[in-house]
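*Asks:* In order, the protein sequence lines correspond to chains L and S. Our numbering numbers the first residue of the first sequence as 1 and each following residue consecutively. Our numbering numbers the first residue of the second sequence as 257 and each following residue consecutively.
Calculated directly from the structure, the hints in this document are not laboratory data. Be careful, since some hints might not be right.
[To be verified] Ranges of calculated distance between the beta carbons of each label pair, as one might list FRET restraints:
no.: 1; chain 1: L; residue 1: 93; chain 2: S; residue 2: 314; range: 38 to 46 Å
no.: 2; chain 1: S; residue 1: 277; chain 2: L; residue 2: 85; range: 33 to 41 Å
no.: 3; chain 1: L; residue 1: 68; chain 2: S; residue 2: 456; range: 20 to 28 Å
no.: 4; chain 1: L; residue 1: 252; chain 2: S; residue 2: 281; range: 42 to 50 Å
[What the hints assert, rightly or not] Far from chain L, by Cβ distances over 10 Å, these chain S residues were calculated:
no.: 5; residue: 274
no.: 6; residue: 369
no.: 7; residue: 408
[Stated by the list, open to error] Which bits of chain S does chain L cover? Going by a derived footprint, with three or more residues having C-beta under 8 Å, they are:
no.: 8; stretch: 312-326
no.: 9; stretch: 432-442
No experiment lies behind these values; they were computed from the predicted model shown. Glycine is no exception: its CB is placed at the ideal position from the N, C-alpha and C atoms.
Residues per chain are reported as follows:
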Amino acid sequence: MKTTKYILFPSSGILLLLLGWHLAAEQLGELIIATPEQAYRALLQLLSDAQARQQIWISLQRVLVGILLGAGCGFALGLAAGFNATVRLLVSPLRWLLMSIPPVILVVLAMLWFGLGNEMVIFITVVLLAPGIYVNTEKAIRAIDPRLQEVVRVYQFSLWQRLNRFYIPAIAAPLCAALLIALCNAVRIVVLAEVLGSEQGIGYAIATARSNFDSHQLYAWVLLVLLLVALLEWLLLQPLQHRLTRWQQEPAYAAT
Amino acid sequence: MLRLDQVTLAPGGNPVLVDFNFVLKPGERVGLIGPSGVGKTSVLQAIAGLLPIRVGKHENSFQRIGYVFQEPRLLPWLSVIDNIVLPLQARGLSRKLARAQAEAWLPHLNLPMQRAGTYPASLSGGMAQRVSLARAFALQPDLLLLDEPFSALDPALRQELTELCDRLLQNLNCALVYVSHHPDELQALTQRCLLLENKTSHRLVEPIGDVLLDPM
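Model the full assembly from the supplied sequences, consistent with the hints where possible.
*Replies:* Here it is in structure tokens:
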């Protein structure tokens with residue numbers, strides 16, 4: 001039953017997507033859409049090419065630095081705002097501004113401020129990721145059961161214990177959800193920024209493939225981006241999520 | 257020594273007790289009784305530092321305060337043993353020493369060692385309250401605050417835990433402030449009772465038999 005649920009259904013979903021993709025490619029022609037097979041072959045070529053691997057590594061570094069800084073800033077500000085109404089009020093206009101501004105406008109502005117390259121891409125990633133983490137952290141902190149907070153005060157937990165053994169586990173579920181969204185968004189934002197204004201990275205390679213009408217390579221890069229998101233989720237987020245929410249896996253007591 | 261002198265207790269800015277006086281010496285056991293909403297829990301909260309005292313004088317020389325709430329209030333993401341270990345670490349004990357001390361307290365509360373690694377959600381109400389008691393007793397407190405800790409348990413378990421607490425309190429020579437609606441528990445655990453009748457009327461009831469004869 002478990003095998004059916006966790007292997008058969010997702011596999012069938014992937015097969016259906018591939019089938020749809022294949023049919024669309026056959027209808028529209030390979031110049032518009034490469035078939036899954038062509039994209040897969042181009043992907044293998046990319047992975048064996050040192051220059052392509054370099055582009056992947058550059059984007060990956062940007063994604064990781066962007067997540068680290070964006071999530072870090074959002075989390076720190078969210079904690080502060082969760083505890084302190086003054087901070088919350090001070091930060092709220094900036095939060096509103098960053099959540100309302102279209103990413104493309106931010107890319108254009110950042111290109112003006114930083115030019116092309118790492119700083120611009122990382123800046124945009126941080127600025128677009130931080131508000132999501134901030135909102136989730138702030139709301140989750142404010143939703144913690146005040147009765148449990150009394151336990152922390154009575155037993156005089158240290159600052160580190162409060163953060164590491166109380167607040168982070170208490171907000172683990174919304175925090176993990178926010179991190180998952182941030183992770184996917186980070187890859188998308190980095191690629192978007194690179195397409196629009198960078199001379200290196202996956203986005204730049206995608207833009208190049210598009211201008212060369214090389215649809216095989218274009219779709220290979222798209223597959224690679226998807227694999228990158230899956231890999232990051234599997235390697236970074238799932239272990240963290242498992243660690244933080246392990247207690248929720250245990251069956252609850254059932255009175256007899 | 258704990259002394260509250262002409263104190264006003266106002267949770268949420270709303271005074272529930274006015275001109276309240278209370279003295280507790282080391283090793284002394286006092287019960288707090290009175291109708292619901294009269295401010296018994298507020299007294300415990302004030303003693304524990306959870307409720308600020310803005311009016312009146314107060315001094316508290318008790319160093320290690322254990323508090324058992326009406327509900328177990330275990331941190332659900334920590335295992336049973338870690339719920340006991342963490343307050344000990346907060347007192348400066350190393351993780352190893354705190355764990356050894358916490359493990360040593362499990363049998364005192366009739367908690368099987370096999371449950372040490374489980375999470376609170378898998379415990380029954382009685383078992384969870386035992387862990388809450390273990391968390392308080394493991395600190396080796398000089399003052400224990402009990403806020404109707406057995407009210408949700410069945411009579412047999414209530415009696416068992418009351419007797420258990422009595423034995424442990426005797427061994428530790430620990431002072432106690434005990435809130436309960438059950439005269440039998442108060443009689444078993446305390447030497448005298450403070451009857452809180454309303455906002456301003458609080459009187460010491462001695463001997464405890466008076467309380468039993470004069471139900472509210």
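*Asks:* Each hint needs a verdict: does it hold in this structure or not?
*Replies:* Hint-by-hint comparison with the structure:
1. Restraint check, residue 93 of chain L to residue 314 of chain S: a C-beta distance of roughly 43 Å satisfies the suggested window 38 to 46 Å.
2. Separation of residue 277 of chain S from residue 85 of chain L is about 36 Å and conforms to the stated range, judged on CB atoms against 33 to 41 Å.
3. Remark: the range hint 20 to 28 Å for residue 68 of chain L to residue 456 of chain S is contradicted by a beta-carbon distance near 59 Å.
4. Taking the beta carbon of each, residue 252 of chain L and residue 281 of chain S are about 43 Å apart, inside 42 to 50 Å as hinted.
5. Against chain L, the non-interface label of residue 274 of chain S holds: every CB pair exceeds 10 Å, the least being about 24 Å.
6. With a cut of 10 Å on Cβ distances, residue 369 of chain S stays outside the contact zone with chain L, its closest approach being about 17 Å.
7. Distance check on residue 408 of chain S: its Cβ is at least 12 Å (rounded) from any Cβ of chain L, clearing the 10 Å threshold; non-interface status holds.
8. Counting residues of the stretch 312-326 of chain S whose beta-carbon sits less than 8 Å from any beta-carbon of chain L gives 3, enough to reach three: the coverage restraint holds.
9. With a threshold of 8 Å between beta carbons, the proposed coverage of the stretch 432-442 of chain S by chain L is violated, since 0 of its residues qualify and at least three are required.
In summary, the structure is inconsistent with hints 3, 9 from the numbered list given earlier, while agreeing with the others.
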